[in-house]
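**Q** Take a look at the letters that make up each chain.
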Amino acid sequence: MFKSIVHSRGSGIALALLILLALLPLIVPRFFVYIFALIYVTSLLAMSLNLVVGHGGMFQFHHGVFYGVGAYAMALVVTKTSWPLWIGFVAGPLVAATVGLLIGWFCVRLTRLYFAMLQISLGSLIWAVVFRWYKFTGGDDGIHGIHMPPFLASLNHSYYFILVVLAISLVLMYLILKSPFGATLQAIRDNPQRCEAVGIHVRRHQLYAIVIATFFAGIAGVLFVVLERSVFPEMLFWVMSLEILIMCLLGGWFTFAGPMLGAAITVGLRTFVGRYTEYWTLILGIILILLIFFLPDGVMGFLLKTFRSQAKEGSERSPL
Amino acid sequence: MLRVEGVVKSFDDFTAVDGAYLTVERGETVAVIGPNGAGKTTLFNLITGHLKQDSGKILFKGEAIGGLPPYHICRKGIARSFQIVNIFPRLTVFENVQVAVHCQQRRSSTLFRPAHTIAVKETRDILESVGLSGQTRNVAGSLSHGDQKVLEIAIALGNEPELLILDEPTAGMSPEETWTTIELVKRLALMRGLTILFCEHDMEIVFSIAQSIMVMHQGRTLVQGTPEEIRNNSFVREAYLGGA
Amino acid sequence: MGGVTYGPAELISQLLVGLSRSMILFIVCAGLSFVLGVLRVPNVAHGSLYMIGAFVTFTISKWIGGWVGFWLALVLAPLVVALISLIAERALFCHLYQREHLLLLLFTFALSLILGDLVKIVWGAEYRSVSAPDVLKGSISMFGSSFPRYNLFLLVMGPLVAILLWLFVNKTKIGRISRAAAVDREMVGVLGINVSWVFAIAFVIGCFLAGLGGALVAPTVGITLGMDHTLIIEAFLIVTIGGLGNMWGALLGSLIFGVTQAFGVLMWPQFAIVFPYLAVVIVLLLRPTGLVKSVW
Numbered sequence: 476m477f478k479s480i481v482h483s484r485g486s487g488i489a490l491a492l493l494i495l496l497a498l499l500p501l502i503v504p505r506f507f508v509y510i511f512a513l514i515y516v517t518s519l520l521a522m523s524l525n526l527v528v529g530h531g532g533m534f535q536f537h538h539g540v541f542y543g544v545g546a547y548a549m550a551l552v553v554t555k556t557s558w559p560l561w562i563g564f565v566a567g568p569l570v571a572a573t574v575g576l577l578i579g580w581f582c583v584r585l586t587r588l589y590f591a592m593l594q595i596s597l598g599s600l601i602w603a604v605v606f607r608w609y610k611f612t613g614g615d616d617g618i619h620g621i622h623m624p625p626f627l628a629s630l631n632h633s634y635y636f637i638l639v640v641l642a643i644s645l646v647l648m649y650l651i652l653k654s655p656f657g658a659t660l661q662a663i664r665d666n667p668q669r670c671e672a673v674g675i676h677v678r679r680h681q682l683y684a685i686v687i688a689t690f691f692a693g694i695a696g697v698l699f700v701v702l703e704r705s706v707f708p709e710m711l712f713w714v715m716s717l718e719i720l721i722m723c724l725l726g727g728w729f730t731f732a733g734p735m736l737g738a739a740i741t742v743g744l745r746t747f748v749g750r751y752t753e754y755w756t757l758i759l760g761i762i763l764i765l766l767i768f769f770l771p772d773g774v775m776g777f778l779l780k781t782f783r784s785q786a787k788e789g790s791e792r793s794p795l
Numbered sequence: 226m227l228r229v230e231g232v233v234k235s236f237d238d239f240t241a242v243d244g245a246y247l248t249v250e251r252g253e254t255v256a257v258i259g260p261n262g263a264g265k266t267t268l269f270n271l272i273t274g275h276l277k278q279d280s281g282k283i284l285f286k287g288e289a290i291g292g293l294p295p296y297h298i299c300r301k302g303i304a305r306s307f308q309i310v311n312i313f314p315r316l317t318v319f320e321n322v323q324v325a326v327h328c329q330q331r332r333s334s335t336l337f338r339p340a341h342t343i344a345v346k347e348t349r350d351i352l353e354s355v356g357l358s359g360q361t362r363n364v365a366g367s368l369s370h371g372d373q374k375v376l377e378i379a380i381a382l383g384n385e386p387e388l389l390i391l392d393e394p395t396a397g398m399s400p401e402e403t404w405t406t407i408e409l410v411k412r413l414a415l416m417r418g419l420t421i422l423f424c425e426h427d428m429e430i431v432f433s434i435a436q437s438i439m440v441m442h443q444g445r446t447l448v449q450g451t452p453e454e455i456r457n458n459s460f461v462r463e464a465y466l467g468g469a
Numbered sequence: 042m043g044g045v046t047y048g049p050a051e052l053i054s055q056l057l058v059g060l061s062r063s064m065i066l067f068i069v070c071a072g073l074s075f076v077l078g079v080l081r082v083p084n085v086a087h088g089s090l091y092m093i094g095a096f097v098t099f100t101i102s103k104w105i106g107g108w109v110g111f112w113l114a115l116v117l118a119p120l121v122v123a124l125i126s127l128i129a130e131r132a133l134f135c136h137l138y139q140r141e142h143l144l145l146l147l148f149t150f151a152l153s154l155i156l157g158d159l160v161k162i163v164w165g166a167e168y169r170s171v172s173a174p175d176v177l178k179g180s181i182s183m184f185g186s187s188f189p190r191y192n193l194f195l196l197v198m199g200p201l202v203a204i205l206l207w208l209f210v211n212k213t214k215i216g217r218i219s220r221a222a223a224v225d226r227e228m229v230g231v232l233g234i235n236v237s238w239v240f241a242i243a244f245v246i247g248c249f250l251a252g253l254g255g256a257l258v259a260p261t262v263g264i265t266l267g268m269d270h271t272l273i274i275e276a277f278l279i280v281t282i283g284g285l286g287n288m289w290g291a292l293l294g295s296l297i298f299g300v301t302q303a304f305g306v307l308m309w310p311q312f313a314i315v316f317p318y319l320a321v322v323i324v325l326l327l328r329p330t331g332l333v334k335s336v337w
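Chains as they are written, first to last, in the numbering used here: chain W, 476 to 795; chain H, 226 to 469; chain X, 42 to 337.
Any given hint could turn out to be false.
Stated by the list, open to error - Simulated coverage check for chain H against chain W, where a stretch passes if three residues somewhere in it have a Cβ under 8 angstroms from a Cβ of chain W:
#: 1; segment: 286-298
#: 2; segment: 302-314
#: 3; segment: 339-345
Calculated from the structure, these hints are not laboratory results.
C-beta: ideal position from N, C-alpha, C; glycine also.
Could you put the whole structure together from the sequences, leaning on the hints where they help?
**A** This is the structure we're talking about:
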């Protein structure tokens with residue numbers, strides 16, 4: 476099972492990158508450690524969305540709900556109950572996946588636009604409840620000062636924890652995409668009718684994919700709590716969901732690592748631009764428009780295409 | 226093996242199929258012919274579960290299959306290729322067929338083993354038997370039209386069907402491609418003991434390989450018989466062959 | 042929930058509040074539905090255009106003042122919004138019509154981000170308010186309780202817009218072409234009509250209505266940033282439960298939304314906004330394609 480990863484070309488690069496990132500807290504100032512950790516969390520979220528959007532072809536337009544639900548589940552377990560902390564860590568993805576299963580079950584019966592609309596409406600309902608239930612969820616303030624276990628007390632420790640969880644999650648996602656499950660999912664994306672004719676139970680398969688994706692979104696939510704010690708209702712708002720979608724587009728939604736790149740660029744730019752102007756949203760809008768017109772495959776997609784075509788030219792020019 | 230009795234299907238006020246009867250014996254190659262709009266594709270859609278009949282019976286190996294969803298019918302042993310090319314354009318030729326084989330082996334949901342190690346031999350065999358071995362790594366969307374139609378058939382074979390339904394398998398092909406494909410179909414039927422049901426507009430093809438021909442006209446079955454019987458049938462002549 | 046009992050007077054009064062809010066929602070959603078029907082794209086920027094309509098109304102009534110200012114704003118603000126949408130459409134949007142729908146939707150999202158920040162740049166982040174002209178201020182006594190005159194004005198405007206829109210779509214040449222394009226754009230193209238211009242007109246009219254909704258809502262709420270975000274989600278939901286592309290569906294959806302919200306305020310003020318969302322979820326679970334048959 477791991478042979479396929481070890482043998483793949485990208486694994487050498489990935490390993491080198493991992494080592495570099497592990498050394499980061501020793502090299503850069505504290506603020507950058509925080510930003511990178513935030514990028515990791517956002518990357519995981521974007522990757523989880525891309526499982527169903529880029530690779531699955533589904534219109535998952537309110538993915539932020541599962542992120543928020545996972546984060547709130549953990550926050551509520553830690554702040555409202557006296558259960559051991561590890562239950563909070565586990566509750567996040569489990570609750571997110573359960574909500575994903577429920578919402579997904581209703582949504583997969585519908586085609587594309589209606590799938591999206593039903594998900595947006597169910598998600599907005601959850602947002603509205605969280606937003607207003609001041610006593611339980613903190614309403615529009617959110618929940619703050621969430622207590623973390625001692626081994627996560629410092630920023631550096633949190634950074635490593637998040638990095639490790641991200642790495643493991645990415646390996647899992649890679650395996651899933653390269654497995655027959657992943658191949659079938661991509662086939663469903665390209666031609667659901669043909670899949671039915673080939674014997675695949677399309678709806679059930681899509682539902683499985685949604686549950687997996689929302690599970691990882693829940694993990695991302697838990698990691699957010701580890702980093703920020705807070706949760707906010709904005710995590711469940713539709714604007715967040717569209718932002719994650721943009722990250723996937725920006726990075727390239729038909730590639731594996733594209734969404735991570737998109738997340739990194741978005742968070743990085745937002746932080747950087749945020750120092751000079753408060754009009755980050757304007758810049759994001761302009762970037763998005765440029766993307767739509769000039770780079771519809773996303774940055775990663777564009778890079779891969781140029782890389783591949785150059786490689787092809789090279790081999791054509793060689794004598795034989 | 227397959228029996229269609231008195232099937233009717235209408236859409237709003239248009240009756241596409243108005244009493245279709247078809248018998249396909251095991252190991253036979255049966256053709257359905259009829260002018261455009263006669264209801265052939267609708268009939269095929271009814272058999273493979275893409276549509277549900279209003280009335281009438283569809284029996285496969287004695288079991289009623291009318292109204293079952295397509296993936297269920299596929300699992301019972303019926304596979305189908307489509308008239309308009311219906312492949313997975315972004316996947317490679319190899320992956321296209323592999324999807325079907327995975328499903329046949331009930332491995333579609335296997336999560337943690339790499340796809341390219343599962344069902345490799347079966348997929349290669351199928352691709353070889355249809356003559357696409359040289360193109361396994363090519364993206365399916367880049368194939369020529371003729372090759373895509375052959376890929377269609379290959380995907381259907383991935384399901385190890387007992388009954389293979391081909392909807393106009395040579396539509397849009399050049400004459401050489403057409404004859405290659407027909408030879409292929411003949412060979413497959415022999416090698417794998419397949420029962421084949423197809424529909425075609427090219428009469429030469431139909432009469433060269435079909436053992437039984439069913440003629441449809443305006444949604445109704447006119448008659449079913451051997452090529453000789455059909456050739457000499459006056460109704461058929463009048464309705465179809467004479468004017469063709 | 043509180044043990045307050047409500048008499049018929051309060052109920053009717055609240056019903057009217059709900060209905061007048063429905064009228065504004067209807068005007069905005071009719072525009073959104075129209076664009077959705079003809080262009081097949083949900084216009085995320087619709088909320089931002091609504092917000093611009095409200096802010097422009099504020100500026101115009103402040104500059105000119107008095108009742109003249111208000112009525113002038115009511116006419117000019119939607120026109121300004123229509124102009125903005127025309128520029129966006131001709132400069133950028135129209136080049137995307139051949140692309141996938143998802144990209145069109147993301148374009149409208151990008152547009153909403155840009156317009157949202159432009160509002161911040163031009164008007165700043167404070168609350169603004171607009172007062173209604175004297176003739177529409179105050180309330181009238183009816184059925185034992187008082188109804189704000191402005192709400193009654195809205196109850197007149199809503200049906201007026203509905204009638205005008207219906208006349209446009211059914212009785213004018215452009216309107217009928219738009220409706221045909223909604224159902225079968227290729228056919229319209231084959232008939233030699235420039236489909237791109239049909240789209241432009243439909244888009245501009247839809248956005249005009251968004252601006253009109255914003256102008257009309259201005260005297261009734263605090264005009265702030267973030268108006269666009271709350272409105273667009275409500276508008277999307279309404280258009281979906283109504284039936285995509287269908288004006289009567291938008292009316293029905295708006296009525297359901299506005300009235301359930303009004304009664305939500307009566308029954309459980311803290312969770313008032315949950316009521317309309319819940320109603321939407323119920324409708325969608327029962328009739329996922331909307332209450333009225335969609336245009337396509």
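**Q** Mind checking, does the segment 302-314 of chain H have 3 or more residues with a CB under 8 angstroms from chain W?
**A** Answer holds; 7 residues pass the 8 angstroms Cβ test.
**Q** Please verify the coverage claim for the segment 339-345 of chain H: does it have three or more residues whose C-beta sits within 8 angstroms of some C-beta in chain W?
**A** holds (count 5)
**Q** For the segment 286-298 of chain H, do three or more residues have a beta carbon lying closer than 8 angstroms to a beta carbon of chain W?
**A** Answer holds; 3 residues pass the 8 angstroms Cβ test.
Of the numbered hints stated above, none is contradicted by the structure.
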